[in-house]
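Please model the entire structure based on the sequences and the hints provided.
Order-wise, the sequence lines are chains A and B. For the first sequence, counting from 1, position 162 maps to 162 in this note's numbering; every step adds exactly one. For the second sequence, counting from 1, position 249 maps to 249 in this note's numbering; every step adds exactly one.
No lab work stands behind these hints: they were computed from the structure. You may find that some hints are simply not true.
You can't tell identical chains apart in this list, so a pair holds if it fits in one copy or across any two.
Claimed, not checked - In silico DSS-like links for lysine-lysine, alpha-carbon gap of 30 Å or less:
no., residue 1, residue 2
1, LYS257, LYS346
2, LYS363, LYS257
3, LYS363, LYS441
4, LYS307, LYS433
5, LYS186, LYS464
6, LYS257, LYS313
7, LYS383, LYS257
8, LYS340, LYS387
9, LYS387, LYS257
10, LYS380, LYS346
11, LYS275, LYS485
12, LYS363, LYS275
13, LYS306, LYS441
Since this is a predicted model, take the numbers as computed values, not measurements.
Number of protein chains: 2
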Amino acid sequence: MCMKDNYLDEIFNPESVCVFGANNNLLETMGSMQLRNLKSGFKGNIYPIHPRLENIQGLKAYRSVSELPETPTLALIILPPRVVPHVLEECGEKGVKRAIIVSGGFRERRDEEGLELTRVIDNIARKYSMRFIGPNCLGVYNGWYGSDDTSHYLMTFWPYFIPDLGKVSIISQSGTIAAQTFWYAKNMGLKMSKSISVGNEQNVDMVDLLRYMKDDPQTDVIGLYIEEIKRGKEFIELTREITPDKPIVAIYGGGTKAATRSIQSHTGAMAGNAKIFEGVFKETGIVFTDSIIDFFYYLRTLSYAKKYNIFPKGKRIGIITESGGSATLMTKKCELLGLKVPIFSKQLQEQIAEYIPLTGTGKNPVDITFFKNFYEFVVKLPKTVLKSGEVDGILFDGIFDFGEILEIIEKGGGSVDENMKKMINLFYTTFLKPLHRLAIKHSVPIFYSGPQLYYYNIYREFLKRDIPIFELWDAPPKSMSILVKYSEYRRSRNRN
Amino acid sequence: MCMKDNYLDEIFNPESVCVFGANNNLLETMGSMQLRNLKSGFKGNIYPIHPRLENIQGLKAYRSVSELPETPTLALIILPPRVVPHVLEECGEKGVKRAIIVSGGFRERRDEEGLELTRVIDNIARKYSMRFIGPNCLGVYNGWYGSDDTSHYLMTFWPYFIPDLGKVSIISQSGTIAAQTFWYAKNMGLKMSKSISVGNEQNVDMVDLLRYMKDDPQTDVIGLYIEEIKRGKEFIELTREITPDKPIVAIYGGGTKAATRSIQSHTGAMAGNAKIFEGVFKETGIVFTDSIIDFFYYLRTLSYAKKYNIFPKGKRIGIITESGGSATLMTKKCELLGLKVPIFSKQLQEQIAEYIPLTGTGKNPVDITFFKNFYEFVVKLPKTVLKSGEVDGILFDGIFDFGEILEIIEKGGGSVDENMKKMINLFYTTFLKPLHRLAIKHSVPIFYSGPQLYYYNIYREFLKRDIPIFELWDAPPKSMSILVKYSEYRRSRNRN
Numbered sequence: 001m002c003m004k005d006n007y008l009d010e011i012f013n014p015e016s017v018c019v020f021g022a023n024n025n026l027l028e029t030m031g032s033m034q035l036r037n038l039k040s041g042f043k044g045n046i047y048p049i050h051p052r053l054e055n056i057q058g059l060k061a062y063r064s065v066s067e068l069p070e071t072p073t074l075a076l077i078i079l080p081p082r083v084v085p086h087v088l089e090e091c092g093e094k095g096v097k098r099a100i101i102v103s104g105g106f107r108e109r110r111d112e113e114g115l116e117l118t119r120v121i122d123n124i125a126r127k128y129s130m131r132f133i134g135p136n137c138l139g140v141y142n143g144w145y146g147s148d149d150t151s152h153y154l155m156t157f158w159p160y161f162i163p164d165l166g167k168v169s170i171i172s173q174s175g176t177i178a179a180q181t182f183w184y185a186k187n188m189g190l191k192m193s194k195s196i197s198v199g200n201e202q203n204v205d206m207v208d209l210l211r212y213m214k215d216d217p218q219t220d221v222i223g224l225y226i227e228e229i230k231r232g233k234e235f236i237e238l239t240r241e242i243t244p245d246k247p248i249v250a251i252y253g254g255g256t257k258a259a260t261r262s263i264q265s266h267t268g269a270m271a272g273n274a275k276i277f278e279g280v281f282k283e284t285g286i287v288f289t290d291s292i293i294d295f296f297y298y299l300r301t302l303s304y305a306k307k308y309n310i311f312p313k314g315k316r317i318g319i320i321t322e323s324g325g326s327a328t329l330m331t332k333k334c335e336l337l338g339l340k341v342p343i344f345s346k347q348l349q350e351q352i353a354e355y356i357p358l359t360g361t362g363k364n365p366v367d368i369t370f371f372k373n374f375y376e377f378v379v380k381l382p383k384t385v386l387k388s389g390e391v392d393g394i395l396f397d398g399i400f401d402f403g404e405i406l407e408i409i410e411k412g413g414g415s416v417d418e419n420m421k422k423m424i425n426l427f428y429t430t431f432l433k434p435l436h437r438l439a440i441k442h443s444v445p446i447f448y449s450g451p452q453l454y455y456y457n458i459y460r461e462f463l464k465r466d467i468p469i470f471e472l473w474d475a476p477p478k479s480m481s482i483l484v485k486y487s488e489y490r491r492s493r494n495r496n
Numbered sequence: 001m002c003m004k005d006n007y008l009d010e011i012f013n014p015e016s017v018c019v020f021g022a023n024n025n026l027l028e029t030m031g032s033m034q035l036r037n038l039k040s041g042f043k044g045n046i047y048p049i050h051p052r053l054e055n056i057q058g059l060k061a062y063r064s065v066s067e068l069p070e071t072p073t074l075a076l077i078i079l080p081p082r083v084v085p086h087v088l089e090e091c092g093e094k095g096v097k098r099a100i101i102v103s104g105g106f107r108e109r110r111d112e113e114g115l116e117l118t119r120v121i122d123n124i125a126r127k128y129s130m131r132f133i134g135p136n137c138l139g140v141y142n143g144w145y146g147s148d149d150t151s152h153y154l155m156t157f158w159p160y161f162i163p164d165l166g167k168v169s170i171i172s173q174s175g176t177i178a179a180q181t182f183w184y185a186k187n188m189g190l191k192m193s194k195s196i197s198v199g200n201e202q203n204v205d206m207v208d209l210l211r212y213m214k215d216d217p218q219t220d221v222i223g224l225y226i227e228e229i230k231r232g233k234e235f236i237e238l239t240r241e242i243t244p245d246k247p248i249v250a251i252y253g254g255g256t257k258a259a260t261r262s263i264q265s266h267t268g269a270m271a272g273n274a275k276i277f278e279g280v281f282k283e284t285g286i287v288f289t290d291s292i293i294d295f296f297y298y299l300r301t302l303s304y305a306k307k308y309n310i311f312p313k314g315k316r317i318g319i320i321t322e323s324g325g326s327a328t329l330m331t332k333k334c335e336l337l338g339l340k341v342p343i344f345s346k347q348l349q350e351q352i353a354e355y356i357p358l359t360g361t362g363k364n365p366v367d368i369t370f371f372k373n374f375y376e377f378v379v380k381l382p383k384t385v386l387k388s389g390e391v392d393g394i395l396f397d398g399i400f401d402f403g404e405i406l407e408i409i410e411k412g413g414g415s416v417d418e419n420m421k422k423m424i425n426l427f428y429t430t431f432l433k434p435l436h437r438l439a440i441k442h443s444v445p446i447f448y449s450g451p452q453l454y455y456y457n458i459y460r461e462f463l464k465r466d467i468p469i470f471e472l473w474d475a476p477p478k479s480m481s482i483l484v485k486y487s488e489y490r491r492s493r494n495r496n
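Okay, here's the thing in C-alpha cells:
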C-alpha cells in the first residue's frame with residue numbers, strides 16, 4: 001500500500017510548511033524553538049508568517065499566508081488560542097489542507113470560551129476539508145521524512161534532541177512523553193521512526209494514527225501513551241488487527257482519583273476505570289505497564305524481536321552469570337514473572353563443566369564465579385546453552401568492558417600490548433556477531449546485562465549493533481517475560 | 001563509643017596488610033587486581049607474600065609471613081582453597097588476628113572436601129583467636145579508612161571504581177552487589193561509607209557487622225543483600241534496635257524454586273520462604289524490595305533524609321510539573337502506593353494562579369504547561385506550596401538544564417550574553433539553596449525529576465549538592481512513599 005494515499009502522509013512528509021508564532025527570541029518563545037527544530041531537518045520551503053518581522057531566523061517572513069508564493073502542504077500554528085480561528089480560516093482560503101495546532105486553551109480549559117473556540121476550529125476544518133493534529137500538542141517527529149534520504153527529518157517539538165533512526169513509533173496524549181523522553185530513549189538504544197503528540201485529538205485521533213502506522217513500512221512497533229480512548233470500538237478492532245504483526249505497548253495514565261483529575265486538566269478527557277483499560281489491552285494483545293521506564297524497555301525489546309524475527313517458542317530461560325548475586329536476583333524475578341529457570345540435563349551440565357572452574361555451577365542459573373577463559377565464558381558457554389534445545393531465551397550477565405580493564409592495567413603501571421587492544425575490536429566481530437546470528441537462527445534471544453552504564457563505550461557499541469544490553473538486573477527478566485508472552489500471543493493469532 | 005573497641009575495626013582500618021595470591025599479572029589474576037586496588041588507597045605497609053617473586057607491583061615481596069619485619073594487622077588471602085589452611089596457620093603463628101579469605105571452594109561446594117576445609121579454618125581461627133571475613137567473598141571497602149584524611153580508602157575488591165564518600169554502608173551476601181554496583185551507585189549520587197562482601201560468613205556474619213554499623217558514626221543508613229539469615233533471633237533484636245535511628249534497606253534473593261537452588265550453589269545457604277523474610281522485615285522496620293535499582297534509590301533517599309533530618313509528617317504530596325503526562329503518571333503512582341495527592345484549598349490555588357499561565361492548573365497536580373517566568377516556576381511556586389502547610393512532600397518535574405538550552409540557542413545562530421551564562425551558576429545559589437533550606441526547616445522534602453540523564457552536567461550538580469534528582473518518573477513516587485512510610489515508623493518508635 002502506498003502511504004501517500006493516507007491523508008496523514010502530508011503531515012509526516014509535507015513538501016512545504018508555513019509557521020505561525022515564531023520569532024527571533026529563542027530563549028522565551030516556544031514557537032521560535034519549534035521553527036528552529038523544524039529548520040534543522042527539513043528540506044522543503046518553510047514560510048514564517050508574522051505581522052511585523054521581515055526576517056525570522058534567517059528565513060523571509062510573510063505578513064499573511066495569502067501572500068505566499070505557493071500553497072504550503074502544512075500549517076504549524078503556535079499562537080494564542082483566540083487568534084487561531086483567524087489564521088486557520090486564512091489557511092483554508094489559501095488551500096492549505098493539513099495543520100498542526102500547537103496552541104493550548106481549547107477543550108481542556110473546560111469553560112465556555114474554550115468550548116466555543118473548539119467549535120469554531122471544527123467548523124473551519126469541515127468547511128475547507130482540512131485535517132489537523134491538536135490543538136494543545138507539540139506536533140510530530142518523523143525520522144524517515146523524505147524517506148530515501150536519512151539525513152533529513154521532520155521535527156516540530158521544542159526541545160532539540162534527535163533520536164536514532166529505527167522503526168518504533170509513539171502516539172502520545174502527552175507532549176512530554178512524545179518529545180522529552182528522547183533523551184532517555186536514545187541513551188538506552190531505542191531507535192525511533194515517528195512520534196506524535198496528539199493533544200486534544202479534536203480532528204485527528206489515536207485511531208486515525210494507528211491506521212497509518214498499521215500500513216507504514218517504517219513502523220514495526222507502536223508505543224501508546226493513553227489518557228482516554230475516544231472511539232472504543234474502532235480502537236479495539238484496529239489494535240486487534242495490528243498486534244499479531246506489529247506489537248503495541250501502552251502506558252495508561254488514568255484509573256486513580258487524583259490522576260483522573262490531572263487528566264481532566266491536561267486534555268479535558270474523561271479517564272476511565274483502570275480495570276476497563278486493562279481488559280481492553282488484554283483483549284487486543286496490547287502489552288501494558290504503569291512504568292515509563294518499562295515502557296521504553298518493552299518497545300526496545302519488541303523492536304529487536306521484530307527486526308530479527310526472534311520470537312522465543314517457550315518460557316524456559318537459561319541464566320549465565322559470573323556472579324551468584326545477579327544470578328539469584330534475575331532467577332527470582334523470572335520465576336515471579338511466570339518464566340521457568342529449569343535445571344539443565346546431566347548431559348548439558350557436563351558440557352558446561354568444561355568451561356567453568358570448580359567453584360562454579362552449571363545447573364541453571366549457571367554461575368561461573370570467575371572466568372578461566374574469557375572466550376569460553378562469552379562465546380562457548382552461551383553457544384552450548386543456546387544449541388542445547390533446553391532453553392527458549394538466555395540472560396547473560398557479566399563485565400564485558402575489557403577496554404576499561406586495559407585502561408586500569410595501564411594506569412596501574414602494567415603493560416598492554418597491541419594484541420590486547422585488537423581484542424576490543426575483535427570482540428564484536430568474533431564474539432558477538434556469530435552469537436547474534438545463532439540467536440536468530442534458533443529464535444533464542446540473548447539479553448546481556450552488567451553493572452556498567454549506557455554511557456560507557458562498550459554498552460554504546462552493543463546498542464549500535466542492536467545487541468540488547470541492560471544496566472543491572474531488573475529490566476532483563478521483565479523484558480524477557482514480555483517478549484515470551486507476546487510471542488505466545490503472536491503464535492495464538494497464527495503468525496510465526 | 002569508640003569504634004576501636006570493636007574487633008572489626010582492625011578489618012576496616014588496619015595499620016598494615018599482608019597479601020597472599022597477588023602477582024604481576026593484572027589481566028588474569030584476581031588477587032593481583034585486588035592488590036592493585038588495595039595499594040591505590042592505603043597508607044600503611046603492604047606486604048605481598050609469594051613463594052618465588054621478589055617484587056610485586058613495585059612492592060618488596062616476602063616468601064612467608066614469618067619473614068615479615070612486623071606483625072600485620074590484617075591478612076588478605078586470595079589462594080586456591082587447599083592452600084588456605086597452611087597460610088592461615090602461619091598468620092596465626094605470626095600473631096595476625098584479622099583476615100579476609102577471598103578464596104572460594106569451601107561450604108558452597110557442598111562436598112566432603114569443602115566441608116573439611118571449612119572445619120580446618122574454623123579450628124585455626126579458634127586456636128589463634130582470629131576473626132575473618134569470608135571465605136568466598138571479595139572483602140571490604142571503607143571510604144573512611146584513616147578517617148580524618150578523606151584522600152585514603154581501603155579497598156580489597158577487584159573492580160577498580162571508587163564511589164563518592166558518604167554514610168551509606170552495604171553488607172552483602174553477594175560480592176557483585178557489594179562491589180560491582182559502585183558504577184551505578186556513583187552515577188545516581190549514592191554516597192558510600194563502607195561495603196562488605198561477607199561470603200560464606202564462616203566467622204564474621206551479618207549480625208556482627210550490623211553491630212559495628214549500629215555504633216559507627218560514619219554510617220547513617222544500611223543496605224543488606226540477603227540470601228539467608230544465620231542468627232535469626234539476634235538479627236531481629238538487633239535490627240529492631242537499629243531501624244528507628246538508622247534506616248535499613250534489604251533486598252532478599254530467595255523465595256522461589258530456582259532462586260533457592262541458585263543460593264545453595266552461591267553461598268551454600270538454605271534460603272527460606274519469602275513470606276517469612278517479609279514478616280521479619282516488617283517486624284523490624286526494615287524497608288525491603290525485590291528490585292536492585294529501587295534498592296539504591298531507597299538507600300539514597302533515606303541517606304538524604306537522615307543527613308538533613310527531613311522526615312515528612314504525613315502522606316500528602318504536592319506535584320508540580322510543566323507536563324500533564326508526567327503529572328498524571330506520578331500522581332497515579334503516588335496513589336497506587338498509598339500516598340495522597342489532595343486538591344489544594346481555594347486560597348492556595350489562587351496564590352498558585354499568579355505564577356502560571358491560563359492553560360495551566362493549580363489544583364494539584366499543578367501543571368503549569370509552560371513557564372511564563374522561570375524563577376516563578378522553579379522557586380516561587382514550590383515555595384508557596386511548601387509553606388502552605390497543605391503538603392508533606394513535593395515532587396517537582398521539569399527541564400532545568402538551561403546550560404543545554406543556551407548551547408542550543410548558540411548552535412542555532414542565536415546570541416547568548418554573559419548575563420545568561422551567569423544565570424547557570426546563580427541557579428544553585430539563588431534558586432536551589434534557599435529551597436533546600438526551607439525544605440529542611442519544614443521537613444517537607446522536594447524531589448526533582450526530569451527527562452534528562454544523570455550524566456548531564458545539571459544533574460551531576462544537583463547530586464553533588466545532595467539535591468534529590470531522578471531520571472523520569474518511576475523512582476520519585478516510589479522513593480517518596482518509602483520515605484513517608486519510614487518516617488511514620490520512626491515516629492511510632494518515638495524518634496523525631
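Inset, instruction - Give the relationship of LYS257 and LYS313 under a CA distance limit of 30 Å: within one copy only, between copies only, both, or neither. - result: between (41 Å within a copy, 22 Å between copies)
Inset, instruction - Evaluate LYS257 and LYS346 at a C-alpha cut-off of 30 Å and name the case that applies: within, between, both or neither. - result: between (55 Å within a copy, 19 Å between copies)
Inset, instruction - Indicate which option fits the pair LYS186, LYS464 if close means a Cα-Cα distance not exceeding 30 Å: within, between, both or neither. - result: both (11 Å within a copy, 25 Å between copies)
Inset, instruction - State whether the alpha carbon distance between LYS383 and LYS257 is at most 30 Å within one copy, between copies, both, or neither. - result: Intra 51 Å, inter 25 Å, cutoff 30 Å: inter-copy only.
Inset, instruction - Up to 30 Å between alpha-carbons, please classify LYS363 paired with LYS275: within, between, both or neither. - result: between (40 Å within a copy, 26 Å between copies)
Inset, instruction - With 30 Å as the alpha-carbon cut-off, assign the pair LYS380 and LYS346 to within, between, both or neither. - result: Within. Shortest intra-copy distance 18 Å satisfies the 30 Å Cα cut-off; inter-copy 67 Å does not.
Legend entry - Within, between, both or neither, where LYS340 and LYS387 count as close if Cα-Cα is 30 Å or less: within (18 Å within a copy, 52 Å between copies)
Inset, instruction - Using 30 Å as the alpha carbon limit, work out where LYS275 and LYS485 are close: within a copy, between copies, both or neither. - result: Cα proximity of LYS275 and LYS485: in one copy and across copies (20 Å, 27 Å).
Inset, instruction - Could you place LYS307 and LYS433 in one of the four classes (within, between, both, neither) given a Cα distance threshold of 30 Å? - result: within (16 Å within a copy, 49 Å between copies)
Legend entry - Homo-oligomer pair classification [LYS257, LYS363; C-alpha up to 30 Å]: The answer is between: 13 Å across copies meets 30 Å, while 48 Å in one copy does not.
Legend entry - Alpha-carbon proximity context of LYS387 and LYS257, limit 30 Å: between (51 Å within a copy, 25 Å between copies)
Inset, instruction - First find the shortest C-alpha distance between LYS306 and LYS441 inside one copy, then the shortest across copies, and answer within, between, both or neither for a cut-off of 30 Å. - result: within (14 Å within a copy, 53 Å between copies)
Checked against the numbered hints above, the structure breaks none of them.
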